[in-house]
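Participant: Sequence:
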Amino acid sequence: MENKAELSSLSAQTKLIPPGCKAELSSLSAQTKLIPPGCKIRLALIAGGKSGEREVSLAGATEVEQALNREKYEVRRYDPATDLARLAADAETIDMAFILLHGPLGEDGTMQGFLDLLGIPYQGAGVLGSALAMDKNLAKVLYKQAGLTVAAWEMAQPEDQQNPGRLLSHLSLPVVIKPIRQGSSLGMSLARSEEDLVQGLAKAFTFDSEVMVEQYVRGREITGGVLGNKELAALPLVEIIPGEEFAFFDYQAKYQAGASREVCPAELDPEITARAQAMALTAHRALHLKGYSRTDMIVAEDGIYVLETNTIPGMTPTSLLPQAAAAHGLPFPALLDRLIELALTKE
35 MENKAELSSL
45 SAQTKLIPPG
55 CKAELSSLSA
65 QTKLIPPGCK
75 IRLALIAGGK
85 SGEREVSLAG
95 ATEVEQALNR
105 EKYEVRRYDP
115 ATDLARLAAD
125 AETIDMAFIL
135 LHGPLGEDGT
145 MQGFLDLLGI
155 PYQGAGVLGS
165 ALAMDKNLAK
175 VLYKQAGLTV
185 AAWEMAQPED
195 QQNPGRLLSH
205 LSLPVVIKPI
215 RQGSSLGMSL
225 ARSEEDLVQG
235 LAKAFTFDSE
245 VMVEQYVRGR
255 EITGGVLGNK
265 ELAALPLVEI
275 IPGEEFAFFD
285 YQAKYQAGAS
295 REVCPAELDP
305 EITARAQAMA
315 LTAHRALHLK
325 GYSRTDMIVA
335 EDGIYVLETN
345 TIPGMTPTSL
355 LPQAAAAHGL
365 PFPALLDRLI
375 ELALTKE
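Quick note: the sequence shown uses my numbering, first residue 35, plus one each step.
Since the hints were made in silico from the structure, they are not lab data.
These figures come from a predicted structure and were not determined experimentally.
Among the hints, a few may not be true.
With a straight-line cut-off of 30 Å between C-alpha atoms, the simulated DSS-like cross-links for lysine-lysine are [claimed, not checked]: (1) K178 / K237; (2) K237 / K74; (3) K237 / K106; (4) K237 / K84; (5) K106 / K74; (6) K264 / K178.
Derived CB-CB ranges, DEER-like [to be verified]: (7) E89 / A361: 19 to 29 Å; (8) T116 / P192: 26 to 36 Å; (9) L207 / P365: 38 to 48 Å.
Glycine is no exception: its CB is placed at the ideal position from the N, C-alpha and C atoms.
Work out the full structure: start from the sequences and follow the hints.
Facilitator: Laid out in structure tokens, this is it:
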């Protein structure tokens, strides 16, 4: 059967219509259904990988796979730890990839570049945006250039583990120690003393060759989601309230049941809410992102500080960005549809 499609409004790499399906696509817009009646998008669900966030990735993929409408999508799973050759071999039969990798080799532009070479569209940021957002040092430089407020920081040197005096001449305790290319707060610690700082640096350098030491900012932890390509929407804010035993929203607070609670929409002054949402939009643009993102911030007494931006946020129905999307009127399955739509169209 001959395919009929007007592809002028789609990017050159978009592979929207499986063989045997007919559709007129010239009028596609952000609100148009992508899938002609009787046709399915052949979706590669990419999860797992080799980073320290492998289990988080796999858990998210299970939730996404269950939520995807099987009348719309034909879903295949790929784990980059074992399936890269199979993914490359299947490229011609894949319409789109949905990336659920976190951390190095998945969220840093590596997988995005691989998919670009294969000609497979995917949701979210491209190579540049992914790499910039993953590098906490470069991201902070771009935030500052965009006029956003960030906490003071210094890049640590390996020798600072023996003598942290150089760092403490620029920063005052307490400080937060972060490997610059890890997610889920892996390798991150709060130092209230010089001894804590030495131990925290040693820990962080086991996760990354580059480590940031950042001035600790006390305040309310919030996160702001953004959805869209050219036309961006700021989602309702979520406030994260870690349990009293946690100094900040670390790995345990993120994933241990009952360790923290979230409030969505965040109960903030309307002016602060509007400012934080605008900052999330600015961060998204500053890092050259698309599709979606989630920017973490601190509401302190002296202002709102941007911490970092996630280009592949956690993706379960109770994760932070899906909570915000639900408050915006997009339940989890509809959010997945929207992300796929954004990946396959020029909005």
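Participant: Does each hint hold? Answer for all of them.
Facilitator: Consistency of the hints with the structure:
no.	hint	result
1	K178 / K237	holds (28 Å)
2	K237 / K74	violated (47 Å)
3	K237 / K106	violated (46 Å)
4	K237 / K84	holds (19 Å)
5	K106 / K74	holds (5 Å)
6	K264 / K178	holds (23 Å)
7	E89 / A361: 19 to 29 Å	holds (27 Å)
8	T116 / P192: 26 to 36 Å	holds (34 Å)
9	L207 / P365: 38 to 48 Å	holds (44 Å)
Consistency with the previously given hints fails for numbers 2, 3, ordered from lowest to highest.
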